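A.B. asks: I would like the entire structure built from these sequences, with the hints used as guidance.
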Amino acid sequence: MATTDLDEARQELRKLVRDFLATVPVRDVLEGRIDSDVVWKRLARELQIFELAIPSAPADEAPGLPELVIVFEELGRALTPGPYLSTLGLGLPALCLTGEVSLRRVIDRVVAGDAVVAVIDRDHGISADDPHQAPTVSGVAERVMDAPAADFLIVPVRSAEGVSLALIDVESPGVRITAEEPFDPTMRFGRVELSETPVTRVGDGHPDMSGVLERVETRARVALAGFHVGLARACVTSASEYALVRHQFDRPIGSFQSIKHLLADIHRRTEAAAILTHRAAWAAHHDPDAAALVVHLAAAEAADAAFESAASSIQIHGGIGFTWEHDAQLYFKRATAGRMILGTPDEHREAAADLLLRDGVEA
Amino acid sequence: MTDESAGFRDEVRGFLEHSLPSDWPGIGALSPSERDRFRGRWRQSMLEAGLLGVSWPREYGGRGLGVLEQAVVQEEFLRAGVPHLPFLWDLSGLILLGPTLLAWGTDEQKRHFLPRILSGEDRWCQGYSEPEAGSDLFALRTRAHLVGDDWVLNGQKIWTSHADQANWIFCLARTEPDIARAPGISFLLVPMDQPGVDVRPIRTMTGEAEFCEVFFTDARTRREDIVGGRGEGARVSLTLLEFERSVSASGKHIGYTIEFERLLRLIKSSGQDGDPLIRQKIARAYAQIQVMRFGGQAALQQVTEGGSMGPQASILKLLESEYHQFVTELAMETLGSRALVKQGLPGPGGIQADPLGTPNTVSAWQEQYLTARAKTIYGGSAQIQRNTIAERLLGMPRER
Numbered sequence: 001m002a003t004t005d006l007d008e009a010r011q012e013l014r015k016l017v018r019d020f021l022a023t024v025p026v027r028d029v030l031e032g033r034i035d036s037d038v039v040w041k042r043l044a045r046e047l048q049i050f051e052l053a054i055p056s057a058p059a060d061e062a063p064g065l066p067e068l069v070i071v072f073e074e075l076g077r078a079l080t081p082g083p084y085l086s087t088l089g090l091g092l093p094a095l096c097l098t099g100e101v102s103l104r105r106v107i108d109r110v111v112a113g114d115a116v117v118a119v120i121d122r123d124h125g126i127s128a129d130d131p132h133q134a135p136t137v138s139g140v141a142e143r144v145m146d147a148p149a150a151d152f153l154i155v156p157v158r159s160a161e162g163v164s165l166a167l168i169d170v171e172s173p174g175v176r177i178t179a180e181e182p183f184d185p186t187m188r189f190g191r192v193e194l195s196e197t198p199v200t201r202v203g204d205g206h207p208d209m210s211g212v213l214e215r216v217e218t219r220a221r222v223a224l225a226g227f228h229v230g231l232a233r234a235c236v237t238s239a240s241e242y243a244l245v246r247h248q249f250d251r252p253i254g255s256f257q258s259i260k261h262l263l264a265d266i267h268r269r270t271e272a273a274a275i276l277t278h279r280a281a282w283a284a285h286h287d288p289d290a291a292a293l294v295v296h297l298a299a300a301e302a303a304d305a306a307f308e309s310a311a312s313s314i315q316i317h318g319g320i321g322f323t324w325e326h327d328a329q330l331y332f333k334r335a336t337a338g339r340m341i342l343g344t345p346d347e348h349r350e351a352a353a354d355l356l357l358r359d360g361v362e363a
Numbered sequence: 001m002t003d004e005s006a007g008f009r010d011e012v013r014g015f016l017e018h019s020l021p022s023d024w025p026g027i028g029a030l031s032p033s034e035r036d037r038f039r040g041r042w043r044q045s046m047l048e049a050g051l052l053g054v055s056w057p058r059e060y061g062g063r064g065l066g067v068l069e070q071a072v073v074q075e076e077f078l079r080a081g082v083p084h085l086p087f088l089w090d091l092s093g094l095i096l097l098g099p100t101l102l103a104w105g106t107d108e109q110k111r112h113f114l115p116r117i118l119s120g121e122d123r124w125c126q127g128y129s130e131p132e133a134g135s136d137l138f139a140l141r142t143r144a145h146l147v148g149d150d151w152v153l154n155g156q157k158i159w160t161s162h163a164d165q166a167n168w169i170f171c172l173a174r175t176e177p178d179i180a181r182a183p184g185i186s187f188l189l190v191p192m193d194q195p196g197v198d199v200r201p202i203r204t205m206t207g208e209a210e211f212c213e214v215f216f217t218d219a220r221t222r223r224e225d226i227v228g229g230r231g232e233g234a235r236v237s238l239t240l241l242e243f244e245r246s247v248s249a250s251g252k253h254i255g256y257t258i259e260f261e262r263l264l265r266l267i268k269s270s271g272q273d274g275d276p277l278i279r280q281k282i283a284r285a286y287a288q289i290q291v292m293r294f295g296g297q298a299a300l301q302q303v304t305e306g307g308s309m310g311p312q313a314s315i316l317k318l319l320e321s322e323y324h325q326f327v328t329e330l331a332m333e334t335l336g337s338r339a340l341v342k343q344g345l346p347g348p349g350g351i352q353a354d355p356l357g358t359p360n361t362v363s364a365w366q367e368q369y370l371t372a373r374a375k376t377i378y379g380g381s382a383q384i385q386r387n388t389i390a391e392r393l394l395g396m397p398r399e400r
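Chains A and B are the protein sequences, given in the same order.
For the first sequence, the numbering used here assigns the number 1 to the initial residue and increments by one for each residue that follows.
For the second sequence, the numbering used here assigns the number 1 to the initial residue and increments by one for each residue that follows.
Hints are not guaranteed to be accurate.
As the list claims (entries may be wrong) - Pairs of lysine to aspartate or glutamate, DMTMM-like flavour, derived with a Cα cap of 20 Å:
id	chain 1	residue 1	chain 2	residue 2
1	B	LYS375	B	GLU322
2	B	LYS342	B	GLU329
3	B	LYS268	A	GLU362
4	B	LYS268	A	ASP359
5	B	LYS110	B	GLU121
6	B	LYS268	A	GLU350
7	B	LYS110	B	ASP122
8	B	LYS375	A	ASP265
9	A	LYS41	A	ASP108
10	B	LYS268	A	ASP354
11	A	LYS41	A	ASP28
12	A	LYS333	A	ASP28
13	A	LYS333	A	GLU31
Just so you know, these hints were derived from the structure itself, not from any lab.
Bear in mind the structure is a predicted one, so any value in this text is a computation, not a measurement.
C.D. replies: As structure tokens, then:
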């Protein structure tokens, strides 16, 4: 596909998602006027964009991660609550990349918007009851993203052969999920208690399940970076608009250099992060084995851009930005939470430095 | 995009292979006197191979190719460790004035000046800033008025790079005394080899004299040596600033990657590759290089497709200037107390990152560290870039 055709297709996708999300404001969801499950299902069925989260073969021309990033940018801009990162960033790619044919039905349900998958990260407190068999697992995991909304849980478990994934239907015996009150109201977390819970083991025969999990995390980091870029852009836009209408000393505050320079800095940091994020999406889609470096860099820069933009937006809005009524607080809380998911910016930079010092660079 | 220029890239690689010894270490490895001798020879080889003015029309001595091919020369030359603009004045002639003449010049100006830029007969410098007109460029005071068939100039320019090596200066002067600010300014081409032009080098904090003051005292140039019309100098100069920022955007990352590779070696050899604070900065630095790389590619594509970089250029300019301060500060931090004294040979330095082959010496890093301070001042200060971003990209009202 020629570059311009590709660009046009992506612009259409962006507009499609943006126009839809504009009809479901975050406030209406948080205050119960709109059901986030309905938004989730409509995005799946009317916009049919969940398929973008299915990893395609490398170098495939079909739409994939670069397009999914656009969806996440728009979700970040609108701050739409829902299990997007857990299910589309982590869960669905994990199910697909195991190569397990028996999962087809679950995958179809997810793509249709009928099932939410929460993924418990690797450092949890859950283990197989019998490491050789693992028909059941037990243990506790806290702060599991989107667990209260989940239909399925995925738990990486250690077995004699290495790592495998355990798929759990939340209706199974011994599953107890308790919602935890989130710092950021647009996110959901839950405490998962499992007691001799029967599981379906997937990827047992897979030669490199650890590699699969890394690829899944890489994809999710790209999606989250996209979310952060969109969130940051929303803050730049909102702060810019306010700087034009708010007058002090008989002038719009946007005419003062102190405000202009704050705006210029968050704008250019955001656009720099966007450049890295798009490159990271390209790399993770076309050359996943070589994508780690740019993905870590994008993840760190996008998370920082989101935080700085959200913080400066509050500063530029002044007192109104500190109120409950104004959305600035929602963006700030989400940007803060985003720094603690799938690695902090410091951890991403540490990982990037490790690769740079190990592999060197080529001009 | 790469396919179209692939044949040309092969040609450039062939030229490099043929012109350089197989063990060529990069111009940075030469001694200062060897470097100077090399530059002259190298320019001549480029000229003969048709690799100067690649994007200029053939009728003026160019190759008649596009911006893409020009970028290919820059990329391949940087990677090979040879200069694509051999002399400092080549930047002013080939990158700044040439494209401006192509956009604004008369046929006669193009026919006369462009081939002489290529041959090196005319060595240009740029006379914009004045003591009282820095960021507020269009407050400039240098005046020119017609006496017979000549413009007669009086005034003072400052921060003119390499004016001591140039024999022509393109400059902005006030030709319409009754019209204030930008509309009263014209763009003039002035020979420097005359009694009315006095050049005095300015020694900067690096100890070198990269810049000069230029004094005009009844200096003369012909009536027709004006580019654009009377009063159009501001517009002409803005085109030129755009060239200045956009043309090299696509290749910058290569020079900075070469420099960054040298920094990684410095960090390892000084045993600081385990320092978590240094490691954080390594990642921060490399992220900026990648933004230059992919942002530069996007900019090049935009220019190739007939667009202009516009105010987006301000984002890359700001990023690059602050990046180079950040990375040279990191080098000094890595050197620690070793940076208290000078040691070893400095690199070729100048406003570019030190090229391939530059020794990893204390002196080379010290010099780049100092030079980097100028980058957030010249070519539109970091504060002016932020104003531009806020006003032209985000729609903020102009001040006053």
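A.B. asks: All hints, please: hold or fail.
C.D. replies: Structure-based check of all given hints:
With a C-alpha separation of about 8 Å, the suggested pairing of LYS375 of chain B with GLU322 of chain B holds against the 20 Å cut-off. Proposed proximity of LYS342 of chain B and GLU329 of chain B is supported: the alpha carbons are some 16 Å apart, at most 20 Å. Pair hint LYS268 of chain B plus GLU362 of chain A holds up; C-alpha atoms about 17 Å apart against a cutoff of 20 Å. The suggested pairing of LYS268 of chain B with ASP359 of chain A holds, with an alpha-carbon distance near 13 Å, which does not exceed 20 Å.
Proximity of LYS110 of chain B to GLU121 of chain B is assessed by CA-CA distance (about 15 Å); at most 20 Å being required, the pair is judged to hold. Proximity of LYS268 of chain B to GLU350 of chain A is assessed by CA-CA distance (about 16 Å); at most 20 Å being required, the pair is judged to hold. With a C-alpha separation of about 13 Å, the suggested pairing of LYS110 of chain B with ASP122 of chain B holds against the 20 Å cut-off. For the suggested pair LYS375 of chain B and ASP265 of chain A, the alpha carbons sit about 17 Å apart, so the restraint of at most 20 Å is met.
With a CA separation close to 13 Å, the supplied pair LYS41 of chain A and ASP108 of chain A stays within the 20 Å bound. Taken as a hint, the LYS268 of chain B and ASP354 of chain A pair is honoured in the structure, with Cα atoms around 12 Å apart against an allowance of 20 Å. Between LYS41 of chain A and ASP28 of chain A, the direct Cα distance comes to roughly 17 Å. Compliance with the 20 Å bound is thereby established for this hinted pair. Distance restraint check for LYS333 of chain A and ASP28 of chain A: the Cα-Cα separation of roughly 18 Å lies within the 20 Å cut-off, and the hinted pair is therefore satisfied.
Between LYS333 of chain A and GLU31 of chain A, the direct Cα distance comes to roughly 17 Å. Compliance with the 20 Å bound is thereby established for this hinted pair.
Violated hints are absent here; each numbered hint is respected by the structure.
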